[in-house]
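Chains A and B, in that order, are what the protein sequence lines are.
FYI, in our numbering the residues of the first sequence are 1 to 355.
FYI, in our numbering the residues of the second sequence are 1001 to 1420.
Check before you lean on any hint, since a few could be wrong.
Said to hold, decoys possible - Now the in silico label distances, taken between C-beta atoms and shown as ranges: (1) GLY1164/B to ARG248/A: 27 to 33 Å; (2) LEU184/A to VAL1256/B: 36 to 42 Å; (3) PRO92/A to GLY1231/B: 36 to 42 Å; (4) GLN1257/B to GLU160/A: 41 to 47 Å; (5) SER62/A to VAL1193/B: 54 to 60 Å; (6) ALA61/A to GLY1231/B: 31 to 37 Å; (7) ASP310/A to VAL1390/B: 33 to 39 Å; (8) PHE161/A to GLY1231/B: 44 to 50 Å; (9) GLY1166/B to ASP101/A: 55 to 61 Å; (10) PHE1234/B to ALA301/A: 46 to 52 Å; (11) SER103/A to GLY1200/B: 23 to 29 Å; (12) PRO1294/B to ARG181/A: 52 to 58 Å; (13) GLU1154/B to ALA179/A: 56 to 62 Å.
To be verified - Chain B regions said to be covered by chain A (calculated; three or more residues, Cβ under 8 Å): (14) 1045–1051; (15) 1240–1252; (16) 1294–1304; (17) 1374–1384.
In case anyone wonders, no lab produced these hints; they're calculated from the structure.
None of the values given here were measured: they were computed from a predicted structure.
Cβ coordinates follow ideal geometry from the N, Cα and C atoms, glycine included.
Here's the letter readout for the chains.
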Amino acid sequence: MSGSERTRAALLGCVLAAAANAAVAPQAPQAPAAAATPAPATQLERTIALRQPSVVKVFGASGLQTIRPYCAGVVVSAQGHILTLDQILLQPERTRVVLHDGSVHQATLLPPEPQLGVRLLQIDAAKVEGGLQPLWPERERFDRTGQFVVALGNCFRLAEFEEANSATFGVVVGRANTALRHRLADVAYDGDLILTDAAINPGQEGGGLFSLDGRWLGLNMKSLAAKETNTLLSAAIPVADLLPYLERVVRGQQAPEPVAVAKEPAWLGVVLFDKAGRQSPPAYVERVVAGSPAAALGLRADDLIVRLDDFSIRTCREYRDVLARFAAGAKVQLVWKRGQQVQQAQVTLGKEPAK
Amino acid sequence: MNAHRSVRRVGERALRTVPAAAVALALCAAALTAQATPADEFVRLEPVVQQALAVAAPFTVTIETFGGTRQVERAEGPMDGEAPPKARPRPAPKPKPKPKPDDAPEKDKDGDKQPKKPLVTPATGFQQAQGRATGVVLTADGWILVARFALALEPTTILVTVPGVGTFPATRAGEDTSRGLALVKIEASGLPVPTFVDPGEVRVGQWALALGRTFAADLPTVHFGIVSAKGRQFGRALQIDAGTSPANYGGPVVDVQGRVLGIAVPLSPSGRNAGVEWYDSGVGFAATIADIAPLLARMQQGEALQRGWLGVQFDPKWLGPGAKVVTVDARGPAHAAGVQKGDVLLQVGGVPVRNAPHALACISGHLGGDALALAVRRADGTEAALGPIVLADAPWSEQQVKKDAETPASFSLPEPQQGR
Chain A
1 MSGSERTRAA LLGCVLAAAA NAAVAPQAPQ APAAAATPAP ATQLERTIAL RQPSVVKVFG
61 ASGLQTIRPY CAGVVVSAQG HILTLDQILL QPERTRVVLH DGSVHQATLL PPEPQLGVRL
121 LQIDAAKVEG GLQPLWPERE RFDRTGQFVV ALGNCFRLAE FEEANSATFG VVVGRANTAL
181 RHRLADVAYD GDLILTDAAI NPGQEGGGLF SLDGRWLGLN MKSLAAKETN TLLSAAIPVA
241 DLLPYLERVV RGQQAPEPVA VAKEPAWLGV VLFDKAGRQS PPAYVERVVA GSPAAALGLR
301 ADDLIVRLDD FSIRTCREYR DVLARFAAGA KVQLVWKRGQ QVQQAQVTLG KEPAK
Chain B
1001 MNAHRSVRRV GERALRTVPA AAVALALCAA ALTAQATPAD EFVRLEPVVQ QALAVAAPFT
1061 VTIETFGGTR QVERAEGPMD GEAPPKARPR PAPKPKPKPK PDDAPEKDKD GDKQPKKPLV
1121 TPATGFQQAQ GRATGVVLTA DGWILVARFA LALEPTTILV TVPGVGTFPA TRAGEDTSRG
1181 LALVKIEASG LPVPTFVDPG EVRVGQWALA LGRTFAADLP TVHFGIVSAK GRQFGRALQI
1241 DAGTSPANYG GPVVDVQGRV LGIAVPLSPS GRNAGVEWYD SGVGFAATIA DIAPLLARMQ
1301 QGEALQRGWL GVQFDPKWLG PGAKVVTVDA RGPAHAAGVQ KGDVLLQVGG VPVRNAPHAL
1361 ACISGHLGGD ALALAVRRAD GTEAALGPIV LADAPWSEQQ VKKDAETPAS FSLPEPQQGR
């Protein structure tokens, strides 16, 4: 991604940091030992310094040229649990974790979470000098669009041993619930991602995304492309979404059994004017099934279905994909266009009657 | 203030979870709080950014398009400007396999009759504007500015959603291909209208926020950066380093007060892939609006504005003053007005021409249809005033190509009758 190099943000950070340092220097003379690394003076500098010890470097087996054997991780327990993104080269016996002090630790692999694409590792906490500095997600989401963030991680494997992770600066661009892919493969993650314009380069995945005041907001994702726009995204999984997995694996808390409800496919009762072809046409209604939710709503032939809740429906294919997100009985806001009128109404999706 | 409180909260959270580490954290937090400095740019700037976002959110609208399959073309062609180098750089020819003697007649048959490369070739493997797009309210009575990019597929239906107001079908009006802008109209009134900042007041280095509606419905997405340069694309656009991509083309680029500096458009000069290839690269463009009110009025009338074209090429070795003409395109208005090879262009529209790039800038800042008076010095030393010459639409522009080429069929249904 060409946009990865955010020299501007880095420069800006330096300039502002320098200015702030200069302002502080006269009243707070530095100890001689600290001269090499001045104490952090701004909130951004403090947050980076505060969170560095919780972000570790993870190295897997080497092998495939196309897969990077390195990423970052976040310490989530004093017992040595490290949260990182799952990838093929994290193998038993061959996965090492490097802490901020440069110490190298053999990691054991704990079960992954395939839906989120994350995995926990564990190192022997007894061998860590000075203890670990774990972070734990909060249940709520605190990311707000437009807030400043800093991403920590080992971008391009620039940091080895005690060298610090790279910090990149940006804002929360927004939240996105969009179809994703990584290279050519679809990504299973289905939730609101945190988008950021802080550069999240290869190697920064698995690292943390922090707010200006040091709050842990997200786990950095590998570079994803939004399928709608064909553009690469810098994104992070909101940490609140990781909590159930962490509670289960780190704390042994049994997640409340999901109530096993057989999800019945939702049915609106329209037949679309869907012609075969390379490109799926817009979702024009060809016919409305009598007695269906669509008929109760007053939908007619030639209406154009444009949105279901917040999902745009540009094609018949998208209509089917979006409808599949809902179960029979779900209440959704349906938007359609009739002539030059846009109409909308709430509709309770039904269940297709047996033929 | 805010930061102080939050640092403390971080400590508390750790206390609940992992006591051992909490001690360290709490100590750390306490130490940090004690160091808090009053002047902390980012802490003060963060709420400002969010305030600007709140100001700009109401007039940042969502564009949804339906149908349409026209492929996005890339156009290459002759330009006003320096004469192209004699030998165009070409990829090194592949060594041909030696033909066997009995193949010889076939080779003769093909000979040099290579099919001429067509002027316009479809950009392969590039899909665009499939998602939602972004627009900006121009007037309270329903004129909406969008990026041409969003309409490139020639959609059969365009819907505009004004946050908190509603969703409206839109009709397409005119456009400006030189700025990458288009206008659509919705039947609405009392829409929230932004303040447009005159580009003369914009300072290089000031904050610039690029907003988009592609992903988020409640709040626009925001990319943060600065104004990198002014007067780009022959005075049509600001250059910004905030991320611009199909996720926010058509969206407003605002200052920290939420006033609109311009509209984010794909305008990379190579013009391939609709100018999108520089997305999120730190090089973005915002077409300025406050300075083009008369053009907007023409676009409202349905006019398609395009970059002006004189149809001359200049000698790159001629360093000025003036610009020496080496080629006059027979299709161009310069030819019709009597500009000849060997003439030195002295004035364009009353502006003394310094050199060839300056002449190019003087011409390209105008649109097709604009009239320009020229002054030239002939090869024999006499000076002549020509014109005013009415500039033609640039023949390489996408719009012109579209007019010439047969438009591929796109899927559409006849609009259903009202009240059916």
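Which numbered hints turn out to be false for this structure? Violated hints (numbers, rising): 1, 3, 6, 7, 11, 12, 13, 16 and 17; every other hint is consistent with the structure.
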